[in-house]
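Chemist: Going down the list, the protein sequences come from chains A and B. The working numbering numbers the first residue of the first sequence as 2 and each following residue consecutively. The working numbering numbers the first residue of the second sequence as 119 and each following residue consecutively.
Misleading hints may appear alongside valid ones.
What the hints assert, rightly or not - Capping the alpha-carbon separation at 25 angstroms, the derived lysine-lysine pairs in DSS-like fashion look like this:
hint	chain 1	residue 1	chain 2	residue 2
1	B	151	A	7
2	A	25	A	187
3	A	187	B	198
4	A	7	A	25
5	B	198	A	7
6	A	314	A	429
7	A	208	A	429
Rather than coming from a laboratory, the hints here were simulated on the basis of the structure. Small disclaimer: the values here were computed from a predicted structure and weren't measured.
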Amino acid sequence: MVEIEKQGTPTVLIVSGRFENDAKASARAFAMPGIRYVVVPWIFRNLDRQRTLQQTEAAFDTLTRELTGDLQTTAQNVQLPPTRVERFEGGDYLDALQVMNREFLNRDWGDGFPMMPATASQVARMLAGTNLPPDHVVCDLPPGYGLATVEKIAINSVMAGAEPEHLPVIIGGLKALSNMDPEWVKSLLISTSSHASMLLVNGPIAKELEINSQAACMGPGRQNRANLAIGRAYTLCLKNIGHWYPGQLDMDVLGTVRKFTVCVAENEDASPWEPYHVEHGFNPNDSVVTVFSTSGEIDVADQGNNTAEGLLKTIGYNCIFSQWDLVRQGRDEKGSAWDTIVLVTPDIARHVKEAGFSKQDAKEYLHNLAEYSLGRMVHYYPLENKVLPEEWRWLQNLSEEELHDTWLPVRENADHYVLLCLGADRAKPIVIPSRPACPQSVCIDPYRPT
Amino acid sequence: MEILSVLNPVAQQRGVINARNINPRPASLDGLKVGLLWSGTAMGDVALRRVEEMLRDREPSVQTNFYRGGLPAPEEVLEKVSAESDIVIGATAD
Numbered sequence: 002m003v004e005i006e007k008q009g010t011p012t013v014l015i016v017s018g019r020f021e022n023d024a025k026a027s028a029r030a031f032a033m034p035g036i037r038y039v040v041v042p043w044i045f046r047n048l049d050r051q052r053t054l055q056q057t058e059a060a061f062d063t064l065t066r067e068l069t070g071d072l073q074t075t076a077q078n079v080q081l082p083p084t085r086v087e088r089f090e091g092g093d094y095l096d097a098l099q100v101m102n103r104e105f106l107n108r109d110w111g112d113g114f115p116m117m118p119a120t121a122s123q124v125a126r127m128l129a130g131t132n133l134p135p136d137h138v139v140c141d142l143p144p145g146y147g148l149a150t151v152e153k154i155a156i157n158s159v160m161a162g163a164e165p166e167h168l169p170v171i172i173g174g175l176k177a178l179s180n181m182d183p184e185w186v187k188s189l190l191i192s193t194s195s196h197a198s199m200l201l202v203n204g205p206i207a208k209e210l211e212i213n214s215q216a217a218c219m220g221p222g223r224q225n226r227a228n229l230a231i232g233r234a235y236t237l238c239l240k241n242i243g244h245w246y247p248g249q250l251d252m253d254v255l256g257t258v259r260k261f262t263v264c265v266a267e268n269e270d271a272s273p274w275e276p277y278h279v280e281h282g283f284n285p286n287d288s289v290v291t292v293f294s295t296s297g298e299i300d301v302a303d304q305g306n307n308t309a310e311g312l313l314k315t316i317g318y319n320c321i322f323s324q325w326d327l328v329r330q331g332r333d334e335k336g337s338a339w340d341t342i343v344l345v346t347p348d349i350a351r352h353v354k355e356a357g358f359s360k361q362d363a364k365e366y367l368h369n370l371a372e373y374s375l376g377r378m379v380h381y382y383p384l385e386n387k388v389l390p391e392e393w394r395w396l397q398n399l400s401e402e403e404l405h406d407t408w409l410p411v412r413e414n415a416d417h418y419v420l421l422c423l424g425a426d427r428a429k430p431i432v433i434p435s436r437p438a439c440p441q442s443v444c445i446d447p448y449r450p451t
Numbered sequence: 119m120e121i122l123s124v125l126n127p128v129a130q131q132r133g134v135i136n137a138r139n140i141n142p143r144p145a146s147l148d149g150l151k152v153g154l155l156w157s158g159t160a161m162g163d164v165a166l167r168r169v170e171e172m173l174r175d176r177e178p179s180v181q182t183n184f185y186r187g188g189l190p191a192p193e194e195v196l197e198k199v200s201a202e203s204d205i206v207i208g209a210t211a212d
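Could you put together the complete structure from these sequences and hints?
Modeler: What follows is the structure, encoded as structure tokens:
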């Protein structure tokens with residue numbers, strides 16, 4: 002609706018349920034803070050027809066008042082620029098720090114855990130981790146499109162407990178996120194689904210910073226000091242620079258712990274394949290960070306297969322998800338927006354490589370294995386619904402039994418499988434549904450001190 | 119008494135810096151072309167169709183056009199809706 006207003010036509014939006022704050026925040030983010038709307042109590046999408054009509058009729062008089070007349074049209078809902086310095090008093094330094102943490106958490110400026118104080122001296126120390134000047138704008142950071150200056154990134158990185166040498170990775174991660182297609186980045190960050198970012202680091206910087214790629218690289222603990230600090234800094238930047246606050250531009254129904262962003266390195270030493278960044282056109286000596294979208298995590302355990310085919314079957318049979326990309330698959334040049342990321346343990350990767358599979362061969366093998374009942378995969382999206390894309394309307398002519406007896410690959414093609422070698426030996430890979438599929442990679446080296 | 123001074127982590131938003139006014143509303147519904155833009159999500163169409171009926175009942179001179187947009191609506195659809203309408207009503211279904 003903002004785009005239509007920008008083209009000169011007045012608009013009014015019917016906002017349902019708990020989306021009023023999101024409507025306000027979105028209007029601010031897209032530079033039309035005075036956008037007019039009416040609120041109805043229930044979310045339409047899963048509502049029955051009678052309630053849909055009732056709440057629409059109840060809102061009609063308000064709607065017509067918003068359509069016509071002498072309304073305030075100057076920009077409303079505009080926030081004041083943030084202060085530069087915040088001051089907190091306490092009986093001693095620790096007391097003042099606790100006051101700061103309470104107040105910051107009240108303002109939703111944190112992730113729920115205590116934060117380090119971003120004093121001027123600590124921020125100056127952090128800024129030494131990059132050759133970029135403090136006022137350099139790295140990007141307009143989605144979803145709220147805050148100006149991601151190097152200084153603001155450094156402030157949030159200090160609060161997260163990161164070290165100066167982590168800063169280029171954090172900057173690169175945010176830059177990569179901002180490079181995503183706007184449709185996908187909205188889905189990743191704003192959607193009611195529990196989508197989250199995952200950061201993958203490749204190249205020499207991973208070892209230099211001791212970003213763990215081996216045992217227990219995705220969990221808590223001292224082995225993941227860098228992983229956790231970088232992921233946390235990325236999250237705090239998303240909140241305070243990207244204005245990604247729950248209930249406003251983060252509309253998750255349930256949320257997920259994966260939003261305490263996971264950061265890992267690929268286990269390049271143990272991998273028999275080319276690393277992810279080389280597969281995507283970077284040089285082996287480039288240090289690269291990639292942002293993936295994740296929408297779940299499936300723990301897979303193989304308890305005794307010792308052939309490439311056997312191990313790949315275990316993975317492939319666990320790549321069966323209950324939903325299918327009915328909306329996007331085949332719709333336009335963008336194709337399907339759903340990937341499957343497989344975190345392949347080194348022992349599996351070695352078996353597969355030694356049996357003569359290239360990485361692409363392994364993807365093709367998994368794609369051919371991962372088929373499922375179409376009826377089960379499309380159940381979530383009622384076929385009688387008029388929003389079914391035209392190319393899939395033939396499905397509406399099938400009986401429920403025919404739909405259930407039709408088996409199709411769960412992904413559009415083999416290129417929708419991402420294989421990353423991670424972790425320690427023992428064939429227990431993790432399969433991650435990625436929806437929306439929108440990986441973006443950025444070379445970190447230009448952000449490092451010269 | 120100790121005072122802890124820290125730098126503010128919150129960034130200014132580009133949309134706030136570049137904020138634009140909304141367009142003036144028409145004085146009345148009389149003779150207006152009203153666009154109803156459906157995002158494609160379930161039941162949003164039912165709500166907008168009901169608004170369409172009620173608008174016509176209240177002001178018979180109103181002309182209405184129903185459009186299917188999408189999430190997000192393609193640019194060409196937005197341009198068409200804007201060009202063909204005096205005012206546009208949309209609905210978010212979730």
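Chemist: Now tell me if each hint is right for this structure.
Modeler: Going through the hints against the structure:
Proximity of residue 151(B) to residue 7(A) is assessed by CA-CA distance (about 18 angstroms); at most 25 angstroms being required, the pair is judged to hold. Restraint check: the Cα-Cα separation between residue 25(A) and residue 187(A) comes to about 16 angstroms, which is no more than 25 angstroms; the hinted pair holds. Proposed proximity of residue 187(A) and residue 198(B) is supported: the alpha carbons are some 24 angstroms apart, at most 25 angstroms. A threshold of 25 angstroms between alpha carbons decides the hint, and for residue 7(A) with residue 25(A) the separation of about 16 angstroms falls inside it, so the pair holds.
Of the supplied pair hints, the one linking residue 198(B) and residue 7(A) holds, its CA atoms being roughly 14 angstroms apart against a limit of 25 angstroms. Restraint check: the Cα-Cα separation between residue 314(A) and residue 429(A) comes to about 13 angstroms, which is no more than 25 angstroms; the hinted pair holds. About 24 angstroms separates the Cα atoms of residue 208(A) and residue 429(A), which keeps this hinted pair within 25 angstroms; it holds.
The structure agrees with every numbered hint stated previously.
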